[in-house]
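*Asks:* Chain by chain, the residues run as shown.
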Amino acid sequence: MNVALKMDQVYRGEYTFANSPAAIRRFPLPFPEDRYMYSVNIEPHVAGPKGSVIEFPIDCDEHYVEECRERAIVIQQDPLRIQALPHMMSAQWDTLELGMQSLSQSYPDQFTLTRAGRHWHWINRPLGLNQHFTFGDPASLPQPPLEYITRQLQGDWVIMDQRDNDLWVEGGMVTGPADWSMDFDMGMSFKEWHGPVPLGHEMGVFDRALKFLLNLRLNEPVRRYNWTMTVNPNLDSSPHNYPEWGPDRTSVTLENVARKLHLRTELQGLWRLPRSNGIVFMVRTYMLSVGDVASIPKWARRVHRVLRDLHPALVDYKGLTRHRPIAVAYLSQFDDGSPTTPGIAPE
Amino acid sequence: MLITGIRSKPVYAPLQVDLQGRYHLMVGHGVGATPLLRLLSDFRTTQPDALTRTRVWYVADAQVSQGSADALRATNIAELRSFTGVDVLLADLTAALDQALMGTRLYVSGPESFMGLVMRIAQQFNLAPDEVRAEECGTMARRVHCIHCRATIENVRTNIVECSCGRWIVVRDHYSRRLAAYMGVMVDAEAPGERPEIKEVFL
Amino acid sequence: MSQSHADTIPVRVVAVEEVTPQIKHFTLQSLAGELPAFSGGSHIIVVMRGAQRVYRNPYSLMSSPNELENYQISVLRVDPSRGGSAFMHEQVRVGTELEIAHPVNLFGLAKLARKHLLLAGGIGITPFLAQLHDLRMSEVPYELHYATRSPQHGAYCQLISRLEPQRSRLYHDSNRHFIDIDGLLSQQPLGTHVYVCGPAGMITRVLDSARTLGWPDSHVHYERFAAPPTGAAFDVRLQKSGIDLHVLPDQSLLEAIEAAGVDAPYLCRGGVCGFCRAEVLSVDGELVHNDHFLSNDEKASGKSIMPCVSRARCSTLVLNL
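Protein chains in written order, with the numbering used here: chain H, 1 to 347; chain L, 1 to 203; chain A, 1 to 321.
Simulated from the structure, these hints should not be mistaken for laboratory data.
A few of these clues could be false.
To give a feel for the contact side, a few chain L residues facing chain A, derived at Cβ under 8 Å [claimed, not checked]:
1) S82
2) N126
3) E131
Note that beta-carbon positions come from the ideal geometry of N, C-alpha and C, so glycine has one too.
Turn these sequences into a full structure, and let the hints guide you.
*Replies:* Have a look at this one:
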């Protein structure tokens with residue numbers, strides 16, 4: 001099978017996605033303790049331990065090339081996954097600058113950025129790209145700036161305008177969402193697009209988060225974690241193709257749950273953008289099969305307990321209703337009740 | 001997945017005169033005439049000279065008796081226009097807003113789907129929430145956007161509806177002002193054929 | 001969550017120009033890599049280390065957001081100065097090294113505006129100078145109306161006439177030629193945003209006129225850079241830190257807290273953004289609210305204070321810091 005075809009089967013079809021042992025250990029487990037409930041949980045997005053997913057501001061891992069290939073497939077089938085309203089052009093350039101500066105500084109062997117005034121030269125070795133262009137001139141790039149750079153970044157990217165004491169989702173590249181549609185949500189305010197999330201509003205979580213983000217400062221990005229579960233390593237679980245991946249939810253059995261069901265962590269990063277004064281929101285997704293979770297004894301006990309005791313509203317909202325009991329049953333065999341250490345370090 | 005109780009669902013309130021406004025444009029469809037008549041009467045008692053800077057545009061519909069149109073005509077305001085259809089009103093509204101000045105207030109009354117279309121035009125002119133008032137009146141039937149094939153289904157009164165793409169979709173409360181429609185998602189993707197009972201809920 | 005602004009940018013002053021007897025124009029270059037890109041309307045906090053005190057004053061960036069070899073600011077010498085503007089005028093020369101914080105924008109252009117109406121008074125012209133660069137490249141119509149005391153006091157009048165002959169108008173108090181605020185605000189198309197930066201009286205007139213003429217608050221933008229009001233000295237106890245400090249008459253509460261080595265949060269330092277809000281535990285006297293953030297009820301409740309501009313008439317104020 002040729003390389004291109006193989007790469008097409010990673011996140012769809014035959015689902016050949018797999019994590020190496022190193023990738024398993026570096027997975028950002030979204031549970032620092034044995035229970036889970038929403039919180040604002042925002043922290044400064046500063047450098048984390050070497051080798052971790054937060055060592056660099058924008059993480060490129062062993063799945064980089066295949067994930068970029070997956071993105072290209074999604075866009076080809078549904079071009080409306082990449083959009084930006086006309087007034088967001090400066091935010092697009094801000095995001096391109098962020099992506100190129102970050103990658104070239106973090107991974108100098110793979111990415112090089114050279115600048116002479118507005119003449120920029122970008123080299124992306126893993127994807128074989130070599131591009132001269134004029135910063136600020138969309139015609140000098142093969143695609144508009146947001147599309148151009150996000151085709152070379154893992155994770156979904158959303159750009160927001162700040163006005164009227166609110167944030168508005170008005171552009172983005174969203175090819176790997178956990179059940180939300182940027183096309184539908186385009187133009188919504190912060191609380192409108194979080195409308196479908198249960199409990200958070202009553203808890204005041206979104207009020208506090210919005211207030212905080214409105215004061216987000218240049219050069220001081222923040223991050224938080226979110227999570228859900230996916231049947232098959234299906235990155236693109238958007239409402240649009242729900243008819244295709246929805247049925248998978250009923251296909252989980254005790255026999256196949258270890259390889260089929262995946263824990264899915266979102267590392268969310270937020271940066272204030274310099275020229276547009278907007279905010280860019282990165283949703284970087286990591287998937288780990290339940291079987292791989294179980295291979296780390298502390299994680300097996302931890303995840304068993306979190307899933308077992310999860311609030312029913314969250315079970316419903318995160319789409320876990322059908323397969324949660326199976327996951328809990330499977331993981332229970334690894335839980336001897338012994339305590340777990342706080343934090344996510346694999347033990 | 002949350003179907004109801006979603007905070008993007010628009011919330012409406014009875015129309016009230018905005019005395020801070022200098023120019024008033026009132027737009028109504030069908031039974032929406034009633035709140036507009038009430039509004040005009042409120043102006044008469046609080047700020048009568050505002051009526052010299054007030055325009056009322058109205059589209060009657062089959063259900064509404066001639067009485068409403070007559071009642072509006074009897075109010076004797078600066079400008080009253082009767083439209084034969086919503087599309088014509090919307091086109092003229094765009095032209096009117098293009099010429100309007102800061103200090104203008106827009107009042108809308110009628111079925112939600114009508115208001116959604118008017119609000120979408122208002123947004124093109126960067127009208128702030130303070131500059132627009134909307135009162136829903138008449139049928140609660142919804143415009144629905146099928147998230148799978150992206151078709152718009154008009155006048156949906158039931159909790160689930162069959163889309164032209166062949167899927168049965170459930171109508172959520174998640175609302176897009178840009179599309180002026182509620183999201184519809186396939187109801188039986190996980191268990192084909194297992195659909196809830198059809199009920200008329202948006203009457 | 002870190003609140004400190006430890007991450008400042010060291011800069012050197014590479015040019016100082018006296019624009020008018022009261023206004024000096026400073027050009028700053030970075031001593032550590034590039035200056036960050038910014039959006040027109042942004043300001044920087046300049047940290048000035050005087051002999052006895054540290055001053056932190058906000059100044060609008062007036063240079064082009066597209067030219068990042070240097071930042072340019074203009075400083076009006078305020079009389080009497082609490083020290084910051086005097087420091088800039090007397091102590092800062094070519095070669096002086098300062099620190100600046102990253103740009104913050106509380107006065108940005110509305111991206112969905114169908115027209116921008118810019119009203120500037122005196123030194124308030126500075127944020128608009130940066131914004132003109134972005135406006136010139138957009139398709140959206142705009143007008144700048146710039147009022148100064150006299151042509152001699154008008155910094156940048158000639159520059160503006162030259163750059164924007166069609167879209168700007170100059171007014172001089174000395175000619176009894178004033179901006180017709182009511183006239184302007186009553187003739188703008190729907191979707192216009194108005195921006196005002198200048199003396200407090202001018203801002204108040206524009207806000208009042210806009211409200212009377214039916215403008216929604218969301219379409220009226222203003223930026224104030226008044227120095228924090230002075231007042232009688234008083235003592236402060238920071239309950240959480242266990243620190244007692246004294247606020248001098250011409251020192252703001254925030255400055256006194258910072259001088260005591262406490263890393264208090266702040267953003268605009270002008271009483272507008274709410275970021276520095278502190279909880280009041282007790283005061284044997286009354287709070288003097290000088291901010292534009294708290295509601296009347298919140299001010300009356302006495303539970304919160306904005307240390308950047310507000311004070312107290314008391315012996316001791318106790319804060320939950």
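*Asks:* Confirm or reject each hint.
*Replies:* Hints versus structure:
no. : hint : result
1   : S82  : 24 Å, violated
2   : N126 : 4 Å, holds
3   : E131 : 5 Å, holds
Against the hints set out earlier in the document, a violation occurs for number 1 only.
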